[in-house]
Amino acid sequence: MKHLILLAFSACFFLDSQAQDTTKTSQTEEDYSQYGDVEYVGSETKTYANAKINGLSPQRFASIAWDAQGAHTLKFSDIGSYLPESNWTANEEGRVNYLGGLRLYANIPVISSNKLLWQLGFNYAASNYQITEIPLTGINPASKIIPVLDEKGLKTSGLFSTLYKPLNDKQFVLVQVQADVSGNYSLSNPQSLRYSRYSAAALWGKRPHDRFQWGIGMSQTYRAGALNYIPVVMYNKTSKSGKWGTEILFPARAHARYRFSASSLLLMGYELEGNSYRLEDFSTPANSFELRRSELRPRIEFQKKLTGFFWVSAQAGFRLNYSFDADNLPNGKDFFRGFTGQQPFAAFSSMTPAPYINFGIHFVSP
Amino acid sequence: MLKYILPIFVLFLFSCSSPVVEKISSPELVLEMEGPIYEGANTALGVWKNPLEDWLKSKNIKKEQIKNIKIVSVKFQPNSPLSEKDIQEITLQLTAKSADMQKIAFLNPYPAKSGSVDLKVADEQKDILELFLTPELTLVADININKDIEENLSSKIILEFEISYQP
Amino acid sequence: MKKFFYFFTALCLFAFAPQSNEADKLIGVWEPSHGKARVKIEKIADKFYGKIVWLREPIDPATGLPKLDKNNPDESMKKVPLKGYRILKDFVYSGSKEWTEGTIYDPENGSTYSCVIKLKDDNTLDIRGYVGIKTFGRTDVWKRVQLKK
Chain A
154 MKHLILLAFS ACFFLDSQAQ DTTKTSQTEE DYSQYGDVEY VGSETKTYAN AKINGLSPQR
214 FASIAWDAQG AHTLKFSDIG SYLPESNWTA NEEGRVNYLG GLRLYANIPV ISSNKLLWQL
274 GFNYAASNYQ ITEIPLTGIN PASKIIPVLD EKGLKTSGLF STLYKPLNDK QFVLVQVQAD
334 VSGNYSLSNP QSLRYSRYSA AALWGKRPHD RFQWGIGMSQ TYRAGALNYI PVVMYNKTSK
394 SGKWGTEILF PARAHARYRF SASSLLLMGY ELEGNSYRLE DFSTPANSFE LRRSELRPRI
454 EFQKKLTGFF WVSAQAGFRL NYSFDADNLP NGKDFFRGFT GQQPFAAFSS MTPAPYINFG
514 IHFVSP
Chain B
2 MLKYILPIFV LFLFSCSSPV VEKISSPELV LEMEGPIYEG ANTALGVWKN PLEDWLKSKN
62 IKKEQIKNIK IVSVKFQPNS PLSEKDIQEI TLQLTAKSAD MQKIAFLNPY PAKSGSVDLK
122 VADEQKDILE LFLTPELTLV ADININKDIE ENLSSKIILE FEISYQP
Chain C
828 MKKFFYFFTA LCLFAFAPQS NEADKLIGVW EPSHGKARVK IEKIADKFYG KIVWLREPID
888 PATGLPKLDK NNPDESMKKV PLKGYRILKD FVYSGSKEWT EGTIYDPENG STYSCVIKLK
948 DDNTLDIRGY VGIKTFGRTD VWKRVQLKK
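The listed protein sequences correspond, in order, to chains A, B and C. Offset between the first sequence (1-based) and the working numbering: plus 153. Offset between the second sequence (1-based) and the working numbering: plus 1. Offset between the third sequence (1-based) and the working numbering: plus 827.
Only chain A is shown next, with the shape it has when bound in the complex (with noise of 0.2 Å):
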């Protein structure tokens, strides 16, 4: 019987040895030049197109930045006057000399595999104001939207959200849906949810090949300060070297990259900023007072890998009002006036440009 435990106690520990030894000091090779002519042994590999191309400045999954713009002048007319744009006239003035603020940003993905890529997203950004009021006589007293940015600044906060459903190898599909809430509100004086603007997109596109994909697509966007119908083009490409390529999705933002090395690289292009700013203080429940504020930003980003997968960048550009101009919404109802629309603005402004800069750390899949 002892022989018998003996031999069972060899069998069960010859059985697992057996299983290193023959990998552990030496390898059968099989001819791997033969690997172009296999056979599958289960199901096919099925190849979806990657939401990703070869080249691209890293995915961001956190981001924490500040932006500052430089000293500049900003104008606003009566409210209310509802006067014809080219008639306006300045009510109040104001030399802002710093407007900035922190940013945050997170973007994270709730499925993620190669047939489907949904995520979730978070982002908030912070525009406090240091304006110092130039006099100007004959005013309307309490008209006065200058001391409410000086006093409070403008917060917006969104959750995003951004499913990818590759159709085949090639076509795609990008769906985007967004919910901000942005005013001169507080953490203690929250804004209602109900004056919450709505943005979305939708693309279809093609990835021909690793270093390039496109799509067109419509979207509904507040990147021109007020509600707004744009179709949307999605161009990234990048050239064989790997050095120079395009992150494009138009008209939102449009750059030319150029890469140094795996782990930094240089954008050059623009971003169009935007929202719909409720201000409070002439708000009621009656009525929502919304300033469409939006921006170009031309601009040159740098980004470079800190460490690990965090990055850093810097950017540095011109900031250039497109519209700071403020609608009244009966009940907080929002309309469209598009790039043609008569609506009259209940205020008018005109800001001039400025320099600005944003740092920012990230924590990226590169």
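No wet-lab data here; the hints were simulated from the structure. Treat the hints with caution; some may be incorrect.
[What the hints assert, rightly or not] List of simulated lysine-lysine pairs, BS3-like, C-alpha gap at most 27 Å:
| id | chain 1 | residue 1 | chain 2 | residue 2 |
| --- | --- | --- | --- | --- |
| 1 | A | Lys268 | C | Lys976 |
| 2 | B | Lys50 | B | Lys157 |
| 3 | A | Lys205 | A | Lys393 |
| 4 | B | Lys50 | B | Lys60 |
| 5 | A | Lys199 | A | Lys390 |
| 6 | B | Lys98 | C | Lys924 |
| 7 | C | Lys905 | B | Lys157 |
| 8 | A | Lys268 | A | Lys205 |
| 9 | B | Lys121 | C | Lys905 |
| 10 | B | Lys121 | C | Lys906 |
| 11 | A | Lys205 | C | Lys947 |
| 12 | A | Lys205 | C | Lys897 |
| 13 | C | Lys852 | C | Lys976 |
| 14 | C | Lys905 | A | Lys205 |
| 15 | A | Lys457 | B | Lys86 |
| 16 | B | Lys76 | C | Lys905 |
| 17 | B | Lys98 | B | Lys127 |
| 18 | C | Lys945 | A | Lys318 |
| 19 | A | Lys323 | C | Lys863 |
| 20 | C | Lys961 | A | Lys318 |
| 21 | B | Lys86 | C | Lys905 |
| 22 | C | Lys906 | B | Lys76 |
| 23 | A | Lys268 | C | Lys863 |
| 24 | C | Lys906 | B | Lys71 |
[To be verified] Covered stretches of chain C (in silico footprint by chain A; criterion: 3 or more residues with CB under 8 Å from a CB of chain A, positions within the stretch not fixed):
| id | segment |
| --- | --- |
| 25 | 918–929 |
| 26 | 966–976 |
[As the list claims (entries may be wrong)] FRET-style restraints, in silico, Cβ to Cβ:
| id | chain 1 | residue 1 | chain 2 | residue 2 | range |
| --- | --- | --- | --- | --- | --- |
| 27 | C | Lys947 | B | Val22 | 48 to 54 Å |
| 28 | A | Gly189 | C | Ile854 | 16 to 22 Å |
| 29 | C | Glu935 | B | Glu65 | 37 to 43 Å |
| 30 | B | Pro37 | A | Gly189 | 16 to 22 Å |
| 31 | B | Gln66 | A | Lys199 | 51 to 57 Å |
Built from N, CA and C at the ideal position, the CB exists for glycine as well.
Chains B and C: place on chain A using the hints.
Leaving out everything else, chains B and C in the frame of chain A:
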């Protein structure tokens, strides 16, 4: 009072003394490939048991005193029937059961030079010490060969490394 | 005593052999979902490693030469050829048809990601590369291939 201060002072001096760096060579290690070998990327394996055991004994120091190990040169020599003409390139990695694999050297293209050649050693080396402290260091050489060879193959390799330790 | 012997033998077979056989199911040649490479997974020193054994496009269009690891963060390692490159490293079988503690290397950007491999069926792998925690990752499906008979 002095009897208390003196040992503390000596201990302080001891702890502040800078580490000693010594250059050491491994014995001639053998990398083996079991035939038949086909054209393409093939793997040769070798094992170095208790790499630092003898050295630690000769120095009479403990492994905790070792601060760092950096590989400074890798000499590779193919044995017949494998010759320099058959090799396109070679990449050498080290691994162990309890430590992660590290790529330490390569040569691409392999030179038309018979005998021993120096591989290009990685500038960035991490966790090499961890590998050397394992009881069994495995050498994994990926060798791209440009012809089929029926026989088993063996090659020689010598690692030269700097070991920095606190005496 | 005989009963004990049978029980003991069965216990041994369960405790050792299946664990090893299950673990070794990872060994073989696999094709990622993009179909542009084939990776041979082998076992060395009780851990699993995967190297590229075939590339659909072995030549770098920018140089006209065989592809190299040009994005490696270590400047001295940029000329290592991609063919034969070990992109899967240090996987340990952790049971439940899962291999953990390993990494996957993406030669396109020179980044090494943490990675978990799950055997979905004998010929399909779910390979999830991730950054920090598994949430920040992407799963790819690899299929087992063999030389045409």
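Outcome of the hint check:
1. Lys268(A) with Lys976(C): violated, 31 Å
2. Lys50(B) with Lys157(B): The hint holds at about 16 Å.
3. Lys205(A) with Lys393(A): Holds - the C-alpha atoms of Lys393(A) and Lys205(A) are around 16 Å apart, at most 27 Å.
4. Lys50(B) with Lys60(B): Measuring from Cα to Cα gives roughly 19 Å; hence the hint holds.
5. Lys199(A) with Lys390(A): holds, 24 Å
6. Lys98(B) with Lys924(C): holds, 20 Å
7. Lys905(C) with Lys157(B): Holds, at about 25 Å.
8. Lys268(A) with Lys205(A): holds, 13 Å
9. Lys121(B) with Lys905(C): holds, 11 Å
10. Lys121(B) with Lys906(C): At roughly 10 Å apart (the allowed maximum being 27 Å), Lys906(C) and Lys121(B) satisfy the hint.
11. Lys205(A) with Lys947(C): holds, 25 Å
12. Lys205(A) with Lys897(C): OK: Lys205(A) and Lys897(C) at ~19 Å, within 27 Å.
13. Lys852(C) with Lys976(C): holds, 20 Å
14. Lys905(C) with Lys205(A): With Cα atoms ~23 Å apart, Lys905(C) and Lys205(A) stay inside 27 Å; holds.
15. Lys457(A) with Lys86(B): violated, 42 Å
16. Lys76(B) with Lys905(C): Roughly 20 Å between the alpha carbons, so the hint for Lys76(B) and Lys905(C) holds.
17. Lys98(B) with Lys127(B): Distance ~17 Å between Lys98(B) and Lys127(B) Cα, so the pair holds.
18. Lys945(C) with Lys318(A): Within the cut-off at roughly 23 Å; holds.
19. Lys323(A) with Lys863(C): Measuring from Cα to Cα gives roughly 14 Å; hence the hint holds.
20. Lys961(C) with Lys318(A): Since the Cα atoms of Lys961(C) and Lys318(A) sit roughly 21 Å apart, the hinted pair holds (cutoff 27 Å).
21. Lys86(B) with Lys905(C): It holds: about 23 Å lies between the C-alpha atoms, which stays within 27 Å.
22. Lys906(C) with Lys76(B): Judged against 27 Å, a Cα distance of about 18 Å means the pair holds.
23. Lys268(A) with Lys863(C): holds, 17 Å
24. Lys906(C) with Lys71(B): Roughly 21 Å separates the two Cα atoms, so the pair holds.
25. 918–929: Since 0 is below three, the answer is violated.
26. 966–976: This one holds; 11 residues, not fewer than the three required, reach chain A with a Cβ under 8 Å.
27. Lys947(C) with Val22(B): 48 to 54 Å: The hint (48 to 54 Å, Cβ to Cβ) holds, given that Lys947(C) and Val22(B) are roughly 50 Å apart.
28. Gly189(A) with Ile854(C): 16 to 22 Å: holds, 21 Å
29. Glu935(C) with Glu65(B): 37 to 43 Å: Holds - the Cβ-Cβ distance for Glu935(C) and Glu65(B), about 41 Å, lies within 37 to 43 Å.
30. Pro37(B) with Gly189(A): 16 to 22 Å: Between Pro37(B) and Gly189(A), where Cβ atoms are some 20 Å apart, the hint holds.
31. Gln66(B) with Lys199(A): 51 to 57 Å: holds, 56 Å
The structure does not agree with the numbered hints 1, 15, 25 stated previously, though it agrees with the rest.
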